[in-house]
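Just so you know, the protein sequences line up as chains A and B, in that order. Each step along the first sequence adds one to the number in our numbering, with nothing skipped, and position 335 is 335. Each step along the second sequence adds one to the number in our numbering, with nothing skipped, and position 177 is 177.
Treat the hints with caution; some may be incorrect.
[Stated by the list, open to error] Here are the computed lysine-lysine pairs in the BS3-like style, where the Cα-Cα straight-line distance is at most 27 Å: (1) B:Lys212 to B:Lys182; (2) B:Lys4 to B:Lys26; (3) B:Lys212 to B:Lys184; (4) A:Lys68 to B:Lys119; (5) A:Lys64 to B:Lys31; (6) B:Lys119 to B:Lys188.
Note that these hints are calculated values from the structure, not bench results.
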Amino acid sequence: MCSEKKKNRDTIAELLHGLRNKAFITGSEAVAEAVKRANVDMAIAYPITPQSESMHLVGELFAKGHIKDYYRAENEFAVMAAVHGAALGGGRVFTATSGPGTLRAMEMFPVWAGARQPIVCAFMCRGVSLPPSIQPENIEMGMLLDTGMLMLHAENGQDFFDMILQAYLVAEQPDVHLPVGVFADGFFVTHTREEMLLPPEDCCLPPYDPGFAPVPVFDMETPPMRITRDPLLNKSNFISGNANASWHQEVLAAAERARKHIAHFMGGLLEVENPGAKIFIAASGTAVSQSREALRMMQAEGMDVGLIKIKSIRPFPGSELSKALEAADLVVVPEFNAGGWLAREIRATIDRNHRVIGAPRVFGGMTMPPWLIVEEVKKALGAGQSRGGC
Amino acid sequence: MSKKIITPVASLAHILPEDYRDLVEKGPHGKSVGIKDLGSFKEITEEHPHCAGCGVSLGVRLALAALPAPEDTLVVGTPGCSFFALSQTAVNYSNTAFGNQNSVASGLKRMLSIRYPDKDKDVVVMAGDGGIADIGLDMTLHSWFRGEKISTIMLDNEVYGNTGGQESGMSPEGQVLHMAPKGKNFKKIPVFEMARTAGCVYGARVTIASPKRLGRAVNRAILLARELGPTYVQIYTPCPTNMKFSPADTIRIAKEAGSTHYAFEEFMTEEAALRIAVMEGEQGKIQD
Ligand code: SF4
Numbered sequence: 001m002c003s004e005k006k007k008n009r010d011t012i013a014e015l016l017h018g019l020r021n022k023a024f025i026t027g028s029e030a031v032a033e034a035v036k037r038a039n040v041d042m043a044i045a046y047p048i049t050p051q052s053e054s055m056h057l058v059g060e061l062f063a064k065g066h067i068k069d070y071y072r073a074e075n076e077f078a079v080m081a082a083v084h085g086a087a088l089g090g091g092r093v094f095t096a097t098s099g100p101g102t103l104r105a106m107e108m109f110p111v112w113a114g115a116r117q118p119i120v121c122a123f124m125c126r127g128v129s130l131p132p133s134i135q136p137e138n139i140e141m142g143m144l145l146d147t148g149m150l151m152l153h154a155e156n157g158q159d160f161f162d163m164i165l166q167a168y169l170v171a172e173q174p175d176v177h178l179p180v181g182v183f184a185d186g187f188f189v190t191h192t193r194e195e196m197l198l199p200p201e202d203c204c205l206p207p208y209d210p211g212f213a214p215v216p217v218f219d220m221e222t223p224p225m226r227i228t229r230d231p232l233l234n235k236s237n238f239i240s241g242n243a244n245a246s247w248h249q250e251v252l253a254a255a256e257r258a259r260k261h262i263a264h265f266m267g268g269l270l271e272v273e274n275p276g277a278k279i280f281i282a283a284s285g286t287a288v289s290q291s292r293e294a295l296r297m298m299q300a301e302g303m304d305v306g307l308i309k310i311k312s313i314r315p316f317p318g319s320e321l322s323k324a325l326e327a328a329d330l331v332v333v334p335e336f337n338a339g340g341w342l343a344r345e346i347r348a349t350i351d352r353n354h355r356v357i358g359a360p361r362v363f364g365g366m367t368m369p370p371w372l373i374v375e376e377v378k379k380a381l382g383a384g385q386s387r388g389g390c
Numbered sequence: 001m002s003k004k005i006i007t008p009v010a011s012l013a014h015i016l017p018e019d020y021r022d023l024v025e026k027g028p029h030g031k032s033v034g035i036k037d038l039g040s041f042k043e044i045t046e047e048h049p050h051c052a053g054c055g056v057s058l059g060v061r062l063a064l065a066a067l068p069a070p071e072d073t074l075v076v077g078t079p080g081c082s083f084f085a086l087s088q089t090a091v092n093y094s095n096t097a098f099g100n101q102n103s104v105a106s107g108l109k110r111m112l113s114i115r116y117p118d119k120d121k122d123v124v125v126m127a128g129d130g131g132i133a134d135i136g137l138d139m140t141l142h143s144w145f146r147g148e149k150i151s152t153i154m155l156d157n158e159v160y161g162n163t164g165g166q167e168s169g170m171s172p173e174g175q176v177l178h179m180a181p182k183g184k185n186f187k188k189i190p191v192f193e194m195a196r197t198a199g200c201v202y203g204a205r206v207t208i209a210s211p212k213r214l215g216r217a218v219n220r221a222i223l224l225a226r227e228l229g230p231t232y233v234q235i236y237t238p239c240p241t242n243m244k245f246s247p248a249d250t251i252r253i254a255k256e257a258g259s260t261h262y263a264f265e266e267f268m269t270e271e272a273a274l275r276i277a278v279m280e281g282e283q284g285k286i287q288d
């Protein structure tokens with residue numbers, strides 16, 4: 001249990017960089033382990049596969065006294081509205097959802113950002129209807145890119161654990177104060193048991209202090225009393241139009257200011273392996289793990305290939321990518337969705353973007369064997385050679 | 001909130017607008033004032049931006065005047081005509097997405113109970129018929145099923161006012177409206193009856209033509225929600241603009257409704273009745 005007396009220790013450094021013990025747990029269990037250490041006041045849940053198990057475990061945390069309030073709400077839109085209400089009231093909240101649940105709740109995500117709520121939500125991505133799919137797929141991330149929410153993408157259970165804690169740290173910075181979605185590819189991460197390193201149970205985040213929020217707390221204890229903390233209604237009036245626009249700009253600016261905190265708490269928005277390579281695979285989520293394997297296979301064949309793991313999708317590491325790919329001839333972007341949102345983001349960011357190959361793309365429950373990635377790289381190289389170099 | 005929070009330091013008081021200074025000096029905070037005292041204290045809302053003769057604006061004004069503790073009241077609503085008065089009221093007002101008011105209120109009330117375990121923070125939903133009976137009906141009902149300690153006040157103008165006069169689930173059967181070009185073909189949604197079934201410990205149906213009765217209903221609803229569970233007040237607030245009657249006739253229309261389809265009705269659980277007897281014994285009986 002997060003003990004009150006430990007409030008004054010440098011718990012953040014200890015939590016992120018202190019001693020850790022081995023645990024052999026699933027991604028869903030990792031979520032609960034993170035929430036246990038996050039000093040969460042309240043969590044609200046609604047079932048959807050593959051997210052449910054993690055929120056069952058969060059419910060057990062409530063039953064054991066780790067969380068002060070918890071309930072099962074009537075649908076995902078209601079959940080996201082209720083955590084919004086709870087965050088307005090000045091506390092730390094947690095929830096999670098998945099695929100169709102994300103879409104059903106969609107209206108609330110820009111509201112969270114617009115109201116500057118430091119809500120952390122875990123998204124355990126899956127396919128969306130129609131045709132119905134409960135298979136791993138992260139198309140929902142492409143649909144959330146412009147909600148104003150910050151977005152982190154976990155490669156595995158360890159990332160999922162760490163990123164939930166890091167998400168609170170970034171979200172609650174006074175110059176950020178925005179919601180953070182922590183995304184993991186459902187089933188692959190949620191239902192896979194792996195060895196993780198966890199800090200001791202009583203090593204927790206310090207409690208949330210609403211006094212540091214850049215917006216007034218909604219509790220009738222914080223002046224001004226005449227406040228509407230939510231996105232301003234934009235009627236046909238020049239002044240309210242301007243107020244709305246400048247508020248919106250500030251939400252975007254807050255996301256930009258998050259960059260330095262992501263760098264500080266997470267060691268950067270991306271990670272580069274073999275930076276001198278001419279051929280790169282750039283990926284996020286579990287596609288990174290598949291790409292690591294593909295990399296090993298290609299290196300065994302004597303190919304000089306590098307890997308870029310993108311951890312932060314919003315803010316997007318545009319300048320970092322441009323720099324890392326400056327001398328690259330080819331960038332292959334494997335994805336677990338049909339839309340190819342990551343390839344689109346990278347193409348929109350770097351110059352000479354004909355270098356970007358948006359493949360392979362798997363969805364609807366297909367797996368991504370590493371040879372599929374290797375094939376795409378070779379195909380692109382072959383095409384490049386026939387064109388006279390890529 | 002303590003009055004100290006809004007009291008300016010003496011040397012700066014003169015730069016604040018007069019209505020703010022009035023609120024500090026003559027406002028309802030910490031006093032037991034209500035509808036019967038209107039005119040003798042500074043109200044927490046004024047200068048509404050609604051159409052002339054708007055029933056909603058009167059409903060908002062009366063309900064706000066009846067709050068037992070405006071200094072610790074937080075209002076949650078949804079976009080619509082009610083927004084315009086509420087967003088410029090001297091209470092914290094939240095208006096987020098469409099129809100989610102009872103969910104936002106549930107989370108807010110619970111968090112305030114965590115943060116202020118020894119204080120009553122009254123969370124009041126105030127929204128129109130479209131927000132409560134149509135787009136937000138599931139969340140309204142579920143907050144009642146769960147027994148959330150919040151009060152829900154419907155400002156029922158029987159139409160979507162702000163979007164230009166479309167049919168709402170609370171419009172009367174047969175009424176010709178936008179999106180009901182041949183007349184509404186089903187009855188008013190029985191939200192009042194549903195409130196009783198869904199677990200509200202107290203409910204009242206009133207019109208703006210009976211201000212004291214309205215005030216008493218709102219007061220009872222909020223005080224009972226503090227201790228016992230969800231409460232519901234449904235206020236008839238006719239809309240001259242979309243129902244096409246003269247703004248001067250609003251009260252007459254409301255009065256007529258009071259003797260036809262909007263007759264006053266109240267329900268309460270036994271526990272609520274006992275609580276009311278104690279509370280109103282303490283306060284001195286409020287006259288109709
Ligand atoms: S449209 Fe009707 S309800 Fe809306 S402000 Fe005008 S009179 Fe009031």
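Hint check results:
no.	hint	verdict
1	B:Lys212 to B:Lys182	38 Å, violated
2	B:Lys4 to B:Lys26	14 Å, holds
3	B:Lys212 to B:Lys184	33 Å, violated
4	A:Lys68 to B:Lys119	17 Å, holds
5	A:Lys64 to B:Lys31	42 Å, violated
6	B:Lys119 to B:Lys188	38 Å, violated
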